[in-house]
Amino acid sequence: MQPSQPPERQPAQTGATSAIEWRGVGAFLGLAFGLTWGIWGAVYLLGGLDNLLVFTVGSLLAMWGPGVSAIFCSRYITPMSARELGVQRGNLDRYGSIYIFVVPFLIAAMVLSVALGFQEINAALEPLSSEIVDEPYPFNDPILVTFVTIIGSFSLAALFNSLFALGEELGWRGYLLAKFAPLGMGRASLVIGLIWGIWHAPAIYMGYNYPGHPYLGMLLMVWFTVGWSVILTWLRQETRSVLAAAFGHGLINATAGLPLLLLLDADSLIRAPLGVTGLVPLTLLALVAFALLWRRERVQRGL
Numbered sequence: 509m510q511p512s513q514p515p516e517r518q519p520a521q522t523g524a525t526s527a528i529e530w531r532g533v534g535a536f537l538g539l540a541f542g543l544t545w546g547i548w549g550a551v552y553l554l555g556g557l558d559n560l561l562v563f564t565v566g567s568l569l570a571m572w573g574p575g576v577s578a579i580f581c582s583r584y585i586t587p588m589s590a591r592e593l594g595v596q597r598g599n600l601d602r603y604g605s606i607y608i609f610v611v612p613f614l615i616a617a618m619v620l621s622v623a624l625g626f627q628e629i630n631a632a633l634e635p636l637s638s639e640i641v642d643e644p645y646p647f648n649d650p651i652l653v654t655f656v657t658i659i660g661s662f663s664l665a666a667l668f669n670s671l672f673a674l675g676e677e678l679g680w681r682g683y684l685l686a687k688f689a690p691l692g693m694g695r696a697s698l699v700i701g702l703i704w705g706i707w708h709a710p711a712i713y714m715g716y717n718y719p720g721h722p723y724l725g726m727l728l729m730v731w732f733t734v735g736w737s738v739i740l741t742w743l744r745q746e747t748r749s750v751l752a753a754a755f756g757h758g759l760i761n762a763t764a765g766l767p768l769l770l771l772l773d774a775d776s777l778i779r780a781p782l783g784v785t786g787l788v789p790l791t792l793l794a795l796v797a798f799a800l801l802w803r804r805e806r807v808q809r810g811l
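The numbering used here numbers the first residue of the sequence shown as 509 and each following residue consecutively.
Derived by calculation from the structure, the hints in this document are not laboratory data.
Just so it is clear, the structure is predicted and the values come from calculations on it, not from any experiment.
Yeah, the Cβ is synthetic: ideal placement off N, Cα and C, and Gly gets one too.
Treat the hints with care, since some could be wrong.
[Unchecked claim] Listed next, with one range per pair, are the computed distances between beta-carbon atoms:
| hint | residue 1 | residue 2 | range |
| --- | --- | --- | --- |
| 1 | Tyr-645 | Arg-695 | 49 to 59 Å |
| 2 | Leu-768 | Glu-643 | 15 to 25 Å |
| 3 | Ser-637 | Gly-604 | 31 to 41 Å |
| 4 | Ser-637 | Leu-560 | 21 to 31 Å |
| 5 | Glu-643 | Arg-809 | 55 to 65 Å |
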């Protein structure tokens with residue numbers, strides 16, 4: 509049984525903006541954006557997405573830019589304990605709560621895209637079928653390979669991705685959430701989501717996620733990150749752990765490619781799950797999470 513823990517103190521929202529430690533926020537943002545955009549700048553000069561190996565390695569390193577910045581700032585700029593950053597096991601039995609958002613999000617995104625005629629079901633499972641045709645059985649069975657891929661995406665791949673997602677979450681749902689706490693968790697999650705989306709700008713400009721749409725892609729990425737920021741903030745508060753947020757973030761990254769396997773491709777601005785057909789159900793789910801955050805804070809304040 510998880511030992512009982514005192515509720516995390518929720519700062520009063522009166523004069524909330526003036527209560528924010530802007531020195532810490534400014535230092536963190538300057539360092540996080542400087543490190544990450546510097547890495548992506550080097551990737552761009554080395555060929556960007558045309559050099560897939562460099563882009564992949566660079567992006568994985570960039571994901572730890574916010575984490576390194578959070579560690580530095582919490583030690584030298586505005587000292588914070590590991591517990592304040594959320595670096596603790598927390599309510600381990602609540603980590604799986606993220607599935608009640610991720611699974612409906614993926615299903616709704618695919619159903620909406622097919623229902624509106626933007627995408628069709630990939631009944632032949634191409635190009636997977638063509639890639640594995642020469643493999644020995646059972647590795648040449650596209651249905652079995654797809655099933656294993658789906659199971660792996662929701663389990664082992666999510667855990668692996670969380671190792672890199674932790675680098676971001678230490679910054680977003682760790683250091684920055686603590687600094688913006690005077691705004692209230694709901695409003696803080698919206699601000700952090702906006703920052704998180706802008707942080708992705710160099711990768712989107714290079715054609716990642718929204719190929720052919722460097723500027724509209726940036727806007728959709730902000731929409732995407734604001735929605736998930738609310739949900740991951742709820743998970744962070746529900747579990748009292750930034751490690752849970754990292755697992756949730758890793759799960760999102762690990763499963764985002766499944767609609768591209770199960771559906772025929774379409775323009776990146778509309779296809780599931782990062783296009784509009786994914787962002788609409790994401791918005792509805794984010795509203796649910798926002799309401800849960802708001803109710804949680806009212807209970808903690810005794811209202």
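Each hint, compared with the structure:
1. For Tyr-645 paired with Arg-695, a C-beta distance near 55 Å keeps the hint of 49 to 59 Å intact.
2. Checked against the hint of 15 to 25 Å, the pair Leu-768 and Glu-643 passes, with Cβ atoms roughly 21 Å apart.
3. In this structure the hint that Ser-637 and Gly-604 lie 31 to 41 Å apart at CB holds, the actual value being about 33 Å.
4. Separation of Ser-637 from Leu-560 is about 23 Å and conforms to the stated range, judged on CB atoms against 21 to 31 Å.
5. Evaluation of the 55 to 65 Å hint for Glu-643 and Arg-809 yields a pass: the beta carbon distance comes to about 59 Å.
The structure meets every hint from the earlier list without exception.
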